[in-house]
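Undergrad: Residues per chain, in single letters:
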Amino acid sequence: MAEKISNKSVLFNPFSKNNPVVVQILGICSVLAVTAKLEPAIVMGLSVIVVLAFSNVIISLIRNTIPTNIRIIVQLVVVAGLVVIVNQLLLAYAYDVAKQLSVFIGLIITNCILMGRLEAFAMSNRPWPAFLDGIGNGIGYSIILIIVGFFRELLGSGTLLGMRVVPQSFYDHGYANNGLMILPPMALIIVACIIWVQRSLNPELNEEN
Amino acid sequence: MKPIKKLLDKTRHHFEPGGRLHAFHSVFDGMETFLFTPNTTSKSGVHIHDAIDSKRVMIIVVLALMPCLLFGMYNTGYQHWVATGASEMPFWSLMLYGFLAVLPKIAVSYIVGLGIEFTVAQWRKEEIQEGFLVTGILIPLICPVATPLWMIAVATAFSVIFVKEVFGGTGYNIFNVALVTRAFLFFAYPAKMSGDQVFVATDSIAGLGSGGVVDGFTGATPLGQVATQAGQQAITITDTMGHDLSTWDMFLGLIPGSFGETSTLAILIGAAILLFTGIASWRIVCSVFAGGAVMAFIAHHFATPLYPASMLSVADQLCLGGFAFAAVFMATDPVTAARTKTGKYIYGFLVGAIAIIIRTYNNGYPEGAMLAVLLMNAFAPLIDWCVVEANARRRRKRAIIANPSTDLTEK
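These protein sequence lines are chains A and B, in that order. So for the first sequence, our numbering puts the first residue at 1; every next one is plus one. So for the second sequence, our numbering puts the first residue at 1; every next one is plus one.
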């Protein structure tokens with residue numbers, strides 16, 4: 001068992017100091033794919049929080065009975081089961097968003113954040129810290145998703161959550177939406193900017209040259 | 001110059017360590033070395049190859065761009081006068097109109113670009129680099145004349161920060177800064193960067209020229225017209241009033257297009273300056289044209305109505321659009337091009353060939369020179385690496401043949 005970490009730091013570290021996206025650079029693919037609009041970004045973030053928290057708990061509960069050589073398969077089965085449940089819930093209650101997210105909900109299974117947390121934390125910790133770790137990392141992931149989605153939708157479509165925010169008078173005076181924001185490269189550049197800001201604020205994250 | 005020198009000497013002590021304005025010493029240094037020869041020059045040393053420094057290189061490139069700039073002004077005025085149906089073409093009015101059309105763009109691109117450069121240099125406590133001198137004038141030259149100023153400002157800021165400064169400033173950029181500005185504009189604001197509304201200035205500027213275009217006017221560029229003619233057996237290219245254009249017209253450049261890149265003649269004058277002074281690599285320039293010519297010949301040989309641009313002749317392909325401009329001023333950027341001799345041939349040839357491929361076989365992009373140069377910018381280091389490795393391998397083999405007992409296996 002790893003050294004004792006307080007439950008508080010397990011929950012809050014992933015928000016910033018140990019953020020799964022901008023520090024560990026995990027789950028970048030889904031950040032590119034679902035952040036063109038804010039709404040799918042939020043739903044995706046919530047789904048990841050739920051799946052990550054509960055798969056962490058389940059794996060933590062059965063961690064002593066899983067044979068080591070098939071542990072990855074067991075983890076995948078647990079995650080897949082939860083993803084199917086989330087997907088069905090979304091199809092039932094938020095059909096439009098589910099259509100937009102399409103394959104990316106299913107691909108939560110392959111999100112590196114999940115496998116990373118299950119392997120690194122849930123396999124060696126008790127259920128309650130594992131649950132907090134799942135919530136913390138899910139929120140850390142969602143924060144980045146929401147920041148990126150916010151800027152991409154605001155600058156790319158002039159809307160937020162589908163509502164028009166940039167007033168019509170701007171457009172009348174020659175303002176135009178930035179089409180590049182809708183394209184995936186801008187998601188990478190915004191993530192890069194977040195990394196830039198974060199490392200300037202936390203110099204201890206900078207690698208030695 | 002005397003009073004300026006006096007002023008600089010008088011205020012110098014403020015900028016030296018301990019002075020009140022020491023924080024701004026890089027701005028001071030930049031201004032001083034821009035206007036005068038610096039006090040401290042290298043007196044000896046094996047590293048001095050030449051009297052030339054990067055400031056002088058930049059100035060000569062700017063000079064080489066002057067024919068394009070002047071012709072662009074004339075052409076902008078000319079296209080406006082044609083579009084408004086004027087019968088006489090007073091030369092100085094045309095020039096003044098074009099000058100007024102381009103001046104704000106040059107000002108915006110320099111203010112934004114240099115502003116960021118100065119700020120970053122100040123922040124990092126480095127000397128101000130002169131790299132933006134050329135970029136700042138290239139940007140207005142490769143944009144349509146009707147590009148809104150704020151778009152140029154946004155694109156320039158994006159490009160200078162994310163293409164140049166984050167990689168370490170002048171000399172470290174992977175991609176050509178001016179072309180990324182153009183690419184940003186193209187992908188972010190496609191409606192303002194293509195089509196038939198943006199390449200001819202139709203408003204009057206400061207009372208010059210008259211607003212309102214005559215009937216029958218169409219502002220599409222030759223390549224823009226070609227791209228819309230898919231499926232036809234023969235393509236027609238006309239000027240804005242519907243008269244047919246010959247290859248000679250395309251060479252001279254009195255056609256709608258981005259500000260400074262319409263006239264192949266003006267570009268060739270600039271090319272002559274760059275090649276004569278040895279600043280641009282003739283290997284790159286020649287191989288870009290060779291690559292373009294070969295690919296255009298192949299495309300023309302297999303011409304099909306499905307891809308209307310394949311029906312253009314080789315000469316038309318080389319004269320139209322931004323091809324010549326990219327060959328002379330973009331592909332030759334010493335920072336982003338390949339650096340080995342063999343590498344330059346490969347790099348240039350591929351730039352030319354890919355430009356024509358994109359232009360011909362993708363009807364969605366009427367012009368491919370920009371994307372071709374950016375793509376090859378990304379591949380230039382790989383080309384260089386292969387060339388260097390091949391050379392090392394050849395020499396290793398030669399050494400083994402000369403002296404078989406030596407063990408020269410890899411490392």
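There may be inaccurate statements among the hints.
Restraint ranges, calculated between C-beta atoms of paired labels, are given here [stated by the list, open to error]:
1. Gly116/A to Pro404/B: 50 to 58 Å
2. Gly231/B to Leu107/A: 17 to 25 Å
3. Trp385/B to Tyr95/A: 25 to 33 Å
Here are the simulated DMTMM-like pairs of lysine to aspartate or glutamate, each with C-alpha atoms no more than 25 Å apart in a straight line [stated by the list, open to error]:
4. Lys125/B to Asp172/A
5. Lys2/B to Glu204/A
6. Lys192/B to Glu204/A
Some chain B residues close to chain A (C-beta under 8 Å, calculated; not the full set) [stated by the list, open to error]:
7. Pro148
8. Phe251
9. Tyr361
It should be emphasised that the hints constitute simulated quantities derived from the structure, not laboratory data. For clarity, every value in this text was computed on a predicted model and none was experimentally measured. Where is the CB? At the ideal position from N, CA and C, for every residue including glycine.
Undergrad: For each hint, tell me whether it holds in the structure or not.
TA: Status of the hints after comparison with the structure:
1. A hinted range of 50 to 58 Å holds for the C-beta pair glycine 116/A and proline 404/B, which are about 53 Å apart.
2. At about 40 Å, the beta-carbon gap between glycine 231/B and leucine 107/A misses the expected band of 17 to 25 Å.
3. For tryptophan 385/B and tyrosine 95/A, the hinted distance range of 25 to 33 Å is not satisfied, since their beta carbons lie about 51 Å from each other.
4. Using a Cα cut-off of 25 Å, the hinted pair lysine 125/B and aspartate 172/A is violated, with the two alpha carbons roughly 42 Å apart.
5. Distance restraint check for lysine 2/B and glutamate 204/A: the Cα-Cα separation of roughly 51 Å exceeds the 25 Å cut-off, and the hinted pair is therefore not satisfied.
6. For the given pair, lysine 192/B sits about 44 Å from glutamate 204/A by alpha-carbon distance, which is inconsistent with the 25 Å threshold.
7. At its closest, the beta carbon of proline 148/B sits 5 Å from a beta carbon of chain A; the interface hint therefore holds under the 8 Å criterion.
8. A hinted interface residue such as phenylalanine 251/B counts as satisfied when its beta carbon comes closer than 8 Å to some beta carbon of chain A; here the least separation is about 34 Å, so the hint is violated.
9. The interface hint given for tyrosine 361/B is broken, as the beta carbon of that residue sits about 22 Å from the closest beta carbon of chain A, more than 8 Å.
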